[in-house]
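Colleague: Start from the sequences, fold in the hints, and give me the full structure.
So the chains spell out like this:
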Amino acid sequence: MGTFEPVIVAFVCNWCTYTAADLAGTSRLSYPTNIRLIRVMCTGMVDPQYVIKAFLEGADGVLISGCHPGDCHYINGNYKARRRIKLLKEILPRFGIEKDRLRLTWIGASDGIEFAEIMTRLNDQIIEMGPSQTRLNKAI
Amino acid sequence: MMIKIEQEDNSLTKGLHQFFKRLLEMQEIDALFLPVRLKDSSSIMPSLVTDPAQIENAVPLSPAFPLNSGRMVSRLSYKESGRKTAVLLRSCEIRAFIELIKLKQGSRQELILIGIDCPKALTLSDYTAYMEKDPLEDDAYIQKVFSEKNETLNGFNFSSACNTCENPFPVNTDMNILLHGVDLSNGMMVESGSEAGQKILESLNMQQTSMPEKREEVVTQIKEVNSKANEAMIEDITEKTDSISKLNAFFDRCINCYNCRNMCPVCYCKECVFNTDVFYHQPVQYHQWAEKNGLVKLPTDTVFYHLTRLAHISHACVGCGQCSNACPSDINVFEVFKSVAQTTQVAFEYSPGIDENDPPPLSVFNEREFEDIVGIK
Ligand code: SF4
Ligand code: SF4
Ligand code: SF4
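Chains A and B supply the protein sequences, listed in that same order. All residue numbers for the first sequence refer to my numbering, where the first residue is 1 and numbers rise by one. All residue numbers for the second sequence refer to my numbering, where the first residue is 1001 and numbers rise by one.
Please keep in mind that the hints were generated in silico from the structure rather than gathered at the bench. Any given hint might turn out to be false.
A short list of chain B residues far from chain A (calculated; beta carbon distances all over 10 angstroms) [stated by the list, open to error]:
no., residue
1, Y1078
2, E1132
3, L1201
4, N1366
If you only want the chain B side, here are some residues facing chain A, beta carbon under 8 angstroms, derived [as the list claims (entries may be wrong)]:
no., residue
5, V1219
6, D1242
7, V1273
8, W1289
9, L1295
10, V1296
11, L1362
12, F1370
13, V1374
14, G1375
15, I1376
Glycine included, each C-beta is placed from N, C-alpha and C at the ideal position.
Modeller: Written out as structure tokens, the structure reads:
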């Protein structure tokens, strides 16, 4: 059986999760290369269309990760992101993009170890789910 | 308070004309906004009327629904005009307008909102065909639609939005004109819904009456029938679009004209993201898509557009069906939007267009909510 290498797009905020990723790097921790990090200033700026676009062009999973509640550099961007992710988790499954392909986490700036662990878990779980239908049926 | 509008010359329409004339002649009211049959044409368009003599061309109840007037009322009210206007709207138009008030694109300040039991509407294409064939007189239409409650009219289709409408009875208005459950041979009724509405009805000095006994039963029955039709429609459209390949097929004729967005009363942006450079791709981008997949259909970004619009406005969709009417490619946009709207509105416990103090769900948040969607265990 050929191994399935998913494509996972991760929108990570500059202040917390990206910093954690950086820390993981400087601590020489490894995490799956299937995960493509996109640094954004805040999870609150991730418009639903970014997520939709990623899936339609064949992503097997999308992660949004920012600061823990109360720690947002812009005070409440992460709360807004949570509502948008909730919204997308209601819309996308209706068209066959499973809820669990879209994930939201809070990973703080000093959580380098946790970052690497979570990325590994995410990768394993998406591999388990298999390829997204949009891999074959792109909706460009 | 409830008053009676009698027939005039054996005509409900003329009875309504009398009522609107009296409104317009009141000191407090400067203009009326309602559907009017235009001079030298058979088109019925929403119009702002200031001359009482023009009222005789008004068609308050017809199967014509050229656009959701909620948007037009927003144009009349987003700034002060120094005039008081009474506006007559269908339920879905009122709900759309309330959503626009929340977005500061309209105000009730200078308006008297008059709701009316919805007379349903034909799809735009069937309306055109119906008008060419042998349309009913205005009064005959009212008698027919309020007594028979069919899904079609002489073989022409009512909009699926109307057949599946769960809220055809306006709420939160200043007054409502009632026909369902009313013995129309005796005329119609107007119920006040606010203090301002009550004051106006009082000063009209018309005969008072009380809620007909049958009303509640008829209202419940209509809601039930429409609810059932709605469930069936949603089940059907969900089955038709439950994968990305089916969704691709459903929208495959979409030419990205954005008419569905332009006619959607709750698609609110001054500048839509789909009109920006983001979607003006570099030529090389199209080649890359083609090279990757062997082919790329143009225009691109069609399904992307619809999914994005769903994310932007499905919580506010009032189910008016104008998106389907607007589509030159005859795509039933409405059914997809309504089916998703149902889900997103339940998820955020949001009922669009009911209470202007209920904020749009994407404009607010709570610190502790939806915690079950966070984390990767
Ligand atoms: S999406 Fe369609 S049905 Fe919903 S409010 Fe807009 S035009 Fe009306
Ligand atoms: S599609 Fe979105 S961006 Fe465009 S007008 Fe509607 S709400 Fe605004
Ligand atoms: S009106 Fe029809 S063709 Fe135009 S953008 Fe909407 S779905 Fe596409």
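Colleague: Determine for every hint whether it applies to the structure shown.
Modeller: Going through the hints against the structure:
Remark: the non-interface label on B:Y1078 is consistent with the geometry, its nearest Cβ contact in chain A lying 26 angstroms away (cut-off 10 angstroms). Listed as outside the interface, B:E1132 is consistent with that label: its C-beta sits roughly 38 angstroms from the nearest C-beta of chain A, beyond the 10 angstroms cut-off. Chain A leaves B:L1201 outside its interface by the beta-carbon criterion, the shortest separation being 42 angstroms against a cut-off of 10 angstroms. The Cβ of B:N1366 sits about 8 angstroms from the closest Cβ of chain A, inside the 10 angstroms cut-off, so the non-interface label is violated.
Taking 8 angstroms as the C-beta contact cut-off toward chain A, the hint placing B:V1219 at the interface is violated, the least distance being around 30 angstroms. Because the beta carbon of B:D1242 sits about 6 angstroms from the nearest beta carbon in chain A, less than 8 angstroms, this interface hint is met. The closest approach between the C-beta of B:V1273 and any C-beta of chain A is roughly 7 angstroms, which is under the 8 angstroms cut-off, so the hint is satisfied. Interface hint status for B:W1289: upheld, as the beta-carbon distance to the closest one in chain A is roughly 5 angstroms, under 8 angstroms.
Taking 8 angstroms as the C-beta contact cut-off toward chain A, the hint placing B:L1295 at the interface is violated, the least distance being around 10 angstroms. Hint status for B:V1296 relative to chain A: holds, with the closest Cβ pair at about 6 angstroms, below 8 angstroms. The criterion of a C-beta within 8 angstroms of any C-beta in chain A is met by B:L1362, whose closest approach is roughly 6 angstroms, and the hint holds. For B:F1370, the interface hint holds, the least distance from its beta-carbon to any beta-carbon of chain A being 5 angstroms, beneath 8 angstroms.
For B:V1374, the suggested interface contact is upheld, since its CB lies about 5 angstroms from the closest CB of chain A, less than 8 angstroms. Checking B:G1375 against chain A: minimum C-beta separation of about 6 angstroms stays under 8 angstroms; hint holds. Interface restraint check for B:I1376: the shortest CB-CB distance to chain A comes to about 5 angstroms, inside 8 angstroms, so the restraint holds.
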